[in-house]
Amino acid sequence: MRIYVIAICLIAICILSAGGVGAQAPARREQLVYSLTAFDGASFSKSFCPPSEDTLYFIADNSSVIDARKTFIYFWPITRRYMAGFRSLDEKLPGTIEILKGGEVIQTLQRQTYTLFYPEGYWSDKATLYSDQEAERRFAEYQSAVEAFNRKLRDYYEEMRIYREEFNRFLEEMRIRRESGEEGITNIEMPQEPSPPDFVDFYASEPAQGFILNLPVGNYQIRLRCPDGRIYEGSEKNVVVFESRRTGGVGYEIIPGNRWTRRESVDDPSWIIHGAGHNVLYFNPYHQAEYNELYHNKLEDPQNSGRIERWKWVHIDPIDDVHMVLSRGEEILQQIERAPYFVKQIPGPELGYEIIPYDDELLQRGYQPTFESYQIELSTNLPPEEYTVSALQDGSAEHLPESERSIRLLRKENANYLYPIAFFPLVFGIVVILSRWTRIDR
Amino acid sequence: MSNRGGVVKTLFKRDFVYTFYSWGFYVVLFAAFMISSFILKNFLDGIREEDILVSAYPLNYPLFISVIVISIYLVMLSGVSISREREHGTLEVLFYGPVTAGNFLISKYFKDLCLGIIALAFCAVYFYLVSLTTNLGFTAGLVRALVMGVFMISCVVCFGLFISSLTGRTRSSVLVLLAILGGFLALQFVHAALIGMEREALSTPMLYLRETVSHLFRGINWVSPFAFLNRGLDAVVLDSPLLFGLNIFYAVVYSVIFLILSIISMSLKGVKA
Numbered sequence: 001m002r003i004y005v006i007a008i009c010l011i012a013i014c015i016l017s018a019g020g021v022g023a024q025a026p027a028r029r030e031q032l033v034y035s036l037t038a039f040d041g042a043s044f045s046k047s048f049c050p051p052s053e054d055t056l057y058f059i060a061d062n063s064s065v066i067d068a069r070k071t072f073i074y075f076w077p078i079t080r081r082y083m084a085g086f087r088s089l090d091e092k093l094p095g096t097i098e099i100l101k102g103g104e105v106i107q108t109l110q111r112q113t114y115t116l117f118y119p120e121g122y123w124s125d126k127a128t129l130y131s132d133q134e135a136e137r138r139f140a141e142y143q144s145a146v147e148a149f150n151r152k153l154r155d156y157y158e159e160m161r162i163y164r165e166e167f168n169r170f171l172e173e174m175r176i177r178r179e180s181g182e183e184g185i186t187n188i189e190m191p192q193e194p195s196p197p198d199f200v201d202f203y204a205s206e207p208a209q210g211f212i213l214n215l216p217v218g219n220y221q222i223r224l225r226c227p228d229g230r231i232y233e234g235s236e237k238n239v240v241v242f243e244s245r246r247t248g249g250v251g252y253e254i255i256p257g258n259r260w261t262r263r264e265s266v267d268d269p270s271w272i273i274h275g276a277g278h279n280v281l282y283f284n285p286y287h288q289a290e291y292n293e294l295y296h297n298k299l300e301d302p303q304n305s306g307r308i309e310r311w312k313w314v315h316i317d318p319i320d321d322v323h324m325v326l327s328r329g330e331e332i333l334q335q336i337e338r339a340p341y342f343v344k345q346i347p348g349p350e351l352g353y354e355i356i357p358y359d360d361e362l363l364q365r366g367y368q369p370t371f372e373s374y375q376i377e378l379s380t381n382l383p384p385e386e387y388t389v390s391a392l393q394d395g396s397a398e399h400l401p402e403s404e405r406s407i408r409l410l411r412k413e414n415a416n417y418l419y420p421i422a423f424f425p426l427v428f429g430i431v432v433i434l435s436r437w438t439r440i441d442r
Numbered sequence: 001m002s003n004r005g006g007v008v009k010t011l012f013k014r015d016f017v018y019t020f021y022s023w024g025f026y027v028v029l030f031a032a033f034m035i036s037s038f039i040l041k042n043f044l045d046g047i048r049e050e051d052i053l054v055s056a057y058p059l060n061y062p063l064f065i066s067v068i069v070i071s072i073y074l075v076m077l078s079g080v081s082i083s084r085e086r087e088h089g090t091l092e093v094l095f096y097g098p099v100t101a102g103n104f105l106i107s108k109y110f111k112d113l114c115l116g117i118i119a120l121a122f123c124a125v126y127f128y129l130v131s132l133t134t135n136l137g138f139t140a141g142l143v144r145a146l147v148m149g150v151f152m153i154s155c156v157v158c159f160g161l162f163i164s165s166l167t168g169r170t171r172s173s174v175l176v177l178l179a180i181l182g183g184f185l186a187l188q189f190v191h192a193a194l195i196g197m198e199r200e201a202l203s204t205p206m207l208y209l210r211e212t213v214s215h216l217f218r219g220i221n222w223v224s225p226f227a228f229l230n231r232g233l234d235a236v237v238l239d240s241p242l243l244f245g246l247n248i249f250y251a252v253v254y255s256v257i258f259l260i261l262s263i264i265s266m267s268l269k270g271v272k273a
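Quick note, the sequences are listed as chains A and Z, same order.
For what it's worth, the working numbering labels the leading residue of the first sequence as 1, then goes sequentially.
For what it's worth, the working numbering labels the leading residue of the second sequence as 1, then goes sequentially.
No lab work stands behind these hints, which were simulated from the structure alone.
Please read these numbers as outputs of a predicted model, since none were measured by experiment.
Any given hint could turn out to be false.
To be verified - DSBU-like cross-link-like pairs, simulated, lysine-lysine; straight-line CA separation at most 35 Å:
1. A:Lys412 / Z:Lys41
2. A:Lys237 / A:Lys152
3. Z:Lys269 / A:Lys312
4. A:Lys237 / A:Lys70
5. A:Lys101 / A:Lys70
6. A:Lys70 / A:Lys126
Please take these sequences and the hints and turn them into a complete structure.
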């Protein structure tokens with residue numbers, strides 16, 4: 001009997017403890033990680049490399065930043081990724097980074113001050129890394145621009161306060177005059193509303209410390225050497241420095257007029273746009289470079305996956321100082337300028353929208369353009385042939401390199417004739433064999 | 001030397017005329033084009049009315065399939081004819097005369113290559129008609145792919161001749177050829193399908209399978225003749241003359257190596273079944 005009681009107690013303990021395990025927070029371990037600010041072709045991707053990943057990836061001949069830190073690491077089963085608790089512990093590890101190639105130390109890196117400078121604002125895709133004094137100077141420039149903006153903003157609020165008072169006085173004066181029987185146009189000057197100041201159109205991150213890495217293509221190893229000369233355990237990582245396979249071309253993002261939220265990419269010069277029926281397409285050109293999918297995905301985050309056999313195009317910089325041309329052979333059919341467009345939801349039970357040119361009326365009603373693009377209309381009047389779309393630098397007759405893409409308007413209705421075409425070798429064979437038989441018979 | 005050339009010419013003419021005036025060649029072309037039409041019909045049906053579809057050279061994939069069907073037919077034909085001639089004793093009779101293993105295999109190779117070039121000319125006509133009918137592009141890329149097809153057929157034929165020179169009987173020759181070429185093709189298609197899937201979309205066993213297939217594919221990458229066409233088509237898509245030229249060079253080297261190996265193998269094995 002006692003044995004049964006003990007067994008039941010043990011089972012109960014097991015069940016309860018199992019339930020407890022399910023509710024537990026993930027186990028955290030204090031470990032060395034490398035925080036990464038890696039140049040991704042256009043901007044900088046921020047991530048960290050947990051101990052589970054043994055290789056770091058960087059683009060050749062461009063500066064990226066790594067830093068060795070001690071933090072809490074835990075595995076998050078939902079995303080199947082390691083997470084870092086930088087808020088709980090974020091300790092910079094002292095020392096120098098050694099870069100090795102073929103077992104030989106080829107560089108020793110010291111921590112440097114750096115800033116990320118976004119010349120087109122924080123939300124733009126383009127950033128430049130500056131180090132040391134230039135980093136301090138860029139950040140100071142940003143700070144003084146922000147201070148100047150704040151001063152202008154204070155002035156604007158004061159001007160707005162004065163404007164409201166003047167406007168109220170204007171309305172009061174108008175009311176008095178109308179009540180006194182005055183009609184028609186009055187000679188009272190209407191106060192003008194002040195315009196708000198434009199926000200700073202660039203951004204510089206607060207200077208930080210890190211090891212700036214800039215290497216040519218190759219395979220390397222890195223490790224952290226402590227100030228006492230020892231190698232920090234777990235700091236050894238492989239480093240793969242790669243370059244783009246193809247660069248200098250133009251890629252396009254296409255917004256199809258009939259499904260503007262589901263965009264298409266026509267990045268590779270060999271890709272052809274096949275169209276059927278009437279289509280309105282909005283083209284957005286980009287400078288681009290082609291990288292190995294695995295390397296680039298791992299550069300963005302070492303825990304990402306990718307396929308070494310695949311390549312991916314990375315949009316580096318939007319192109320907006322060109323005009324686009326739709327042509328058939330040598331004949332230019334349309335020259336298209338970049339223009340703003342507004343997506344207007346169609347009210348009523350039928351869900352839908354309409355893309356219309358953004359105009360002054362929309363501006364006065366306070367609407368912002370939904371997107372800016374180059375609109376190309378493939379009407380049903382165009383004969384089903386091959387067309388070419390390309391980008392030309394403003395004021396130039398030269399096509400941007402690798403900017404041509406083919407558009408083929410298909411004759412879908414002829415698809416059923418494909419099977420009869422397949423019979424032609426049989427017909428040929430009958431003719432050949434019968435003619436031989438005839439010759440032999442003679 | 002001229003006598004040797006005359007022997008090759010005679011053997012070549014005999015086999016070439018026999019195949020060119022037989023139904024099999026035209027039926028195989030018809031089958032290859034029916035498969036291509038099926039693929040292209042599905043491609044066209046995949047584009048909705050008033051919509052677009054972005055794709056690289058849509059005619060290249062049907063061409064790839066057509067070249068595979070044609071080259072397998074040619075290699076089976078040669079394989080079977082070698083084994084049959086061995087079984088019937090024709091080979092022994094021929095070898096008592098001025099025919100050697102080299103003459104015999106080189107004539108078979110050129111016969112298959114010429115038939116392959118004729119088949120590719122049929123492909124060019126077929127894809128041109130498809131282009132006229134549907135406006136799918138008969139591009140310079142497709143012409144380059146057709147040129148690459150000649151070298152792929154050369155690789156498959158040489159590989160097939162090598163396998164046929166090793167096997168004795170017709171049945172075993174057919175089975176071994178089908179098994180090896182089918183295995184290469186299956187591995188290539190499975191590999192392409194698996195690497196097309198995102199890692200997150202794969203279950204753990206499928207992930208292991210993908211890794212295994214990847215390793216196997218890397219292993220056969222320079223042995224499988226079909227991998228040469230795959231790389232050649234990649235060079236066409238990349239529009240890289242250097243890669244294109246390199247692939248042609250590799251294909252020629254591959255063909256020469258396997259042709260020499262088949263001659264050595266046949267010389268060692270002898271002409272008796």
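Hints and how they fare:
1. A:Lys412 / Z:Lys41: Measuring from Cα to Cα gives roughly 9 Å; hence the hint holds.
2. A:Lys237 / A:Lys152: The given pair, whose Cα atoms are some 50 Å apart, is violated under the 35 Å limit.
3. Z:Lys269 / A:Lys312: violated, 50 Å
4. A:Lys237 / A:Lys70: Holds, at about 16 Å.
5. A:Lys101 / A:Lys70: holds, 26 Å
6. A:Lys70 / A:Lys126: holds, 30 Å
Hint compliance for this structure: hints 2, 3 are not met, and every other hint is.
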